[in-house]
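Chain by chain, the residues run as shown.
Number of protein chains: 2
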Amino acid sequence: MTNPVLVEVLRGAVVESAHRGAIAVFEADGKPVWEIGDTARSAVKAIQALPLVESGAANAYGFGNRELALACASHSGEPAHVELAWAMLAKAGLDETALECGAHWPSSHAATVALARAGKAPNALHNNCSGKHAGFLCTCVHAGIAHRGYVKSGHASQEMVRDAMQAVTGAAHDFHHCGTDGCSIPTYAVPLRSFALGFARMATGVGFEPVRAKAAKRLLSACMAEPFLVAGTGRADVALMEAAPDRIFVKGGAEGVYCAALPELGLGIALKCDDGAGRAAEVMVAACIARLLHADKALAAKLIEQAHPPIESRIGAKVGALRPTAALS
Amino acid sequence: MTNPVLVEVLRGAVVESAHRGAIAVFEADGKPVWEIGDTARSAVKAIQALPLVESGAANAYGFGNRELALACASHSGEPAHVELAWAMLAKAGLDETALECGAHWPSSHAATVALARAGKAPNALHNNCSGKHAGFLCTCVHAGIAHRGYVKSGHASQEMVRDAMQAVTGAAHDFHHCGTDGCSIPTYAVPLRSFALGFARMATGVGFEPVRAKAAKRLLSACMAEPFLVAGTGRADVALMEAAPDRIFVKGGAEGVYCAALPELGLGIALKCDDGAGRAAEVMVAACIARLLHADKALAAKLIEQAHPPIESRIGAKVGALRPTAALS
Numbered sequence: 001m002t003n004p005v006l007v008e009v010l011r012g013a014v015v016e017s018a019h020r021g022a023i024a025v026f027e028a029d030g031k032p033v034w035e036i037g038d039t040a041r042s043a044v045k046a047i048q049a050l051p052l053v054e055s056g057a058a059n060a061y062g063f064g065n066r067e068l069a070l071a072c073a074s075h076s077g078e079p080a081h082v083e084l085a086w087a088m089l090a091k092a093g094l095d096e097t098a099l100e101c102g103a104h105w106p107s108s109h110a111a112t113v114a115l116a117r118a119g120k121a122p123n124a125l126h127n128n129c130s131g132k133h134a135g136f137l138c139t140c141v142h143a144g145i146a147h148r149g150y151v152k153s154g155h156a157s158q159e160m161v162r163d164a165m166q167a168v169t170g171a172a173h174d175f176h177h178c179g180t181d182g183c184s185i186p187t188y189a190v191p192l193r194s195f196a197l198g199f200a201r202m203a204t205g206v207g208f209e210p211v212r213a214k215a216a217k218r219l220l221s222a223c224m225a226e227p228f229l230v231a232g233t234g235r236a237d238v239a240l241m242e243a244a245p246d247r248i249f250v251k252g253g254a255e256g257v258y259c260a261a262l263p264e265l266g267l268g269i270a271l272k273c274d275d276g277a278g279r280a281a282e283v284m285v286a287a288c289i290a291r292l293l294h295a296d297k298a299l300a301a302k303l304i305e306q307a308h309p310p311i312e313s314r315i316g317a318k319v320g321a322l323r324p325t326a327a328l329s
Numbered sequence: 001m002t003n004p005v006l007v008e009v010l011r012g013a014v015v016e017s018a019h020r021g022a023i024a025v026f027e028a029d030g031k032p033v034w035e036i037g038d039t040a041r042s043a044v045k046a047i048q049a050l051p052l053v054e055s056g057a058a059n060a061y062g063f064g065n066r067e068l069a070l071a072c073a074s075h076s077g078e079p080a081h082v083e084l085a086w087a088m089l090a091k092a093g094l095d096e097t098a099l100e101c102g103a104h105w106p107s108s109h110a111a112t113v114a115l116a117r118a119g120k121a122p123n124a125l126h127n128n129c130s131g132k133h134a135g136f137l138c139t140c141v142h143a144g145i146a147h148r149g150y151v152k153s154g155h156a157s158q159e160m161v162r163d164a165m166q167a168v169t170g171a172a173h174d175f176h177h178c179g180t181d182g183c184s185i186p187t188y189a190v191p192l193r194s195f196a197l198g199f200a201r202m203a204t205g206v207g208f209e210p211v212r213a214k215a216a217k218r219l220l221s222a223c224m225a226e227p228f229l230v231a232g233t234g235r236a237d238v239a240l241m242e243a244a245p246d247r248i249f250v251k252g253g254a255e256g257v258y259c260a261a262l263p264e265l266g267l268g269i270a271l272k273c274d275d276g277a278g279r280a281a282e283v284m285v286a287a288c289i290a291r292l293l294h295a296d297k298a299l300a301a302k303l304i305e306q307a308h309p310p311i312e313s314r315i316g317a318k319v320g321a322l323r324p325t326a327a328l329s
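Top line first, the protein sequences correspond to chains W and Z. Just so you know, we're using my numbering here: the first sequence kicks off at 1 and counts up by one. Just so you know, we're using my numbering here: the second sequence kicks off at 1 and counts up by one.
Be aware that a few hints might be false.
Unchecked claim - As a list, the in silico DSS-like pairs of lysine-lysine whose alpha-carbon atoms are at most 27 Å apart:
#1 Z/Lys-31 to Z/Lys-217
#2 Z/Lys-120 to Z/Lys-31
#3 Z/Lys-318 to W/Lys-318
#4 W/Lys-152 to Z/Lys-318
#5 Z/Lys-318 to Z/Lys-302
#6 W/Lys-318 to W/Lys-302
#7 W/Lys-297 to W/Lys-31
#8 Z/Lys-91 to W/Lys-120
#9 W/Lys-91 to W/Lys-217
None of these hints come from the bench; they were simulated from the model.
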């Protein structure tokens, strides 16, 4: 596998580092629109919130855009994220002790400093996946499933997630290609193009039963309505979704994976930076969407700017930048 | 440039990400010992502490191994690093207001939390380069050079550094291939193999005047004697140097660069992870040194273990690992 260089890192005029990667853009009927590189098998997490809506749990607990966005999030552990995850659990009569994702300091540096200044330590609510896990737990409680061990492969909660992911992507989620995510749930190695197809279906509902089509649309709409809750202050996902409200869905994952959807074009996008770098995956997804939405010149210009983030010295001088290569334009 | 994959990132049994790179290992007389990939032009910082010793400043201020190690460091901003950088400046009658490297929160997460808990904010002494900058400033004061603007290209301080780097590496340090480092000093794009050769010379003194040979040996010895001061708690550089005291010198730099020396073999090593990832560069340098020191079986086994760092979930379960590829063994 030798995927092309898609992003270069400049210091002054010198290319200091280079990131290779692969991109798949699909329509919901399975038509490939744009592919770069070998869309190799790659682990990714997404689509996992469908059971929360389809089971009726989201309605039972009165969850709106904010809660559904957080259920799809890799959030920064800022106070608004932490408080909302707590409130979701409270609706199901639970608290943070039910979470099995583990605790870590907020990925937001400012939130970490504020927490330490207050003399506090993080708990599982600060885990970037706490909203997703709150969604799993609410689904269990609503469906009358014992929630202990809900993160484990074979638990009813993860079986629901696996069923949804298989159906949406059309790819087998095979126990032989199953790993464990940082938040302890199973994660499956699935071809990148299956995720592109899956997100085209999520955005359009093509090929879904009405209940699933509605749930999928509700989840993507929630994320586009509440980008901050999907990520956090200063995050690329927020900037991309805010660049064109209700027109762009993006979600970054671990190891340089991005999934995205452009409902107006009926397209799903999945990409992976070979080396797992988030900084390069952010450039790739911005450049990819800029190309696909090129007809809207003002929006494309804004996205292309986002695809060239500066590198600054510690005193804030611009000393370099990232840029997409010709392969992406 | 398509360098080979040198490091793979595993989740369970699945290769989730891959890092390409290049390695150069040289003897001091210019004989290449081992080269992988295209040792492309690449910015790196090193050898910059020679003027501190050669100018007589280090002796004048009574600097021993600890101060010289810190002058070569990218430290984690822990209290011991900060206090020593302050003490070095105090010897020259200066304080942190003379530093022009900029302030940032300690790269040590624990040090960041402790600083915030104490209600404090970081200053330039917490910058990972503060020891190096303290060295520049001490050299200026000792030599009677006005120190304001010491970070700028063309200032006598940076001219001394450039002269030393050109002489040691044998490569032109060209203003047309000059960028600006995160700590605001000029940084030059130089072939990787020139750095491998330069560190072979630093370790052996071959080709140097006696004053420089002695200064180079003193600096590398200081780093090997005080590895913690060169990096910090839990850092790969410390683990590698502590694996074989006084036998291994390593120094990681920005954007996935490593320089190293093995005095007993008279070898200098320079490597670069194409994509700039530190996690992969750490594996590359451990695997490279394990191969070069294979005759010491116990040491090689320890280094090979360090070349396979685990990936853990947030609850501390081992869910994956990094590993060097066959190209490195």
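Hints versus structure:
At roughly 20 Å between alpha-carbon atoms, Z/Lys-31 and Z/Lys-217 fall within 27 Å of each other, so this suggested pair holds. As the CA atoms of Z/Lys-120 and Z/Lys-31 are separated by approximately 51 Å, the hinted pair breaks the 27 Å bound. Restraint check for Z/Lys-318 and W/Lys-318: the C-alpha separation of about 39 Å exceeds 27 Å, so the hint is violated. The straight-line distance between the Cα atoms of W/Lys-152 and Z/Lys-318 is roughly 15 Å, inside the 27 Å bound, and the hint therefore holds.
Pair hint Z/Lys-318 plus Z/Lys-302 holds up; C-alpha atoms about 19 Å apart against a cutoff of 27 Å. With a C-alpha separation of about 19 Å, the suggested pair W/Lys-318 and W/Lys-302 falls inside the 27 Å cut-off, and the hint holds. Simply put, W/Lys-297 and W/Lys-31 have alpha-carbon atoms about 26 Å apart, close enough for the 27 Å limit, and the pair holds. Only pairs whose Cα atoms come within 27 Å are accepted, and Z/Lys-91 paired with W/Lys-120 is rejected, the gap being roughly 38 Å.
Taking the CA atoms of W/Lys-91 and W/Lys-217, the gap is near 23 Å; set against the 27 Å cutoff, the hint holds.
Checked against the numbered hints above, the structure violates hints 2, 3 and 8; every other hint is satisfied.
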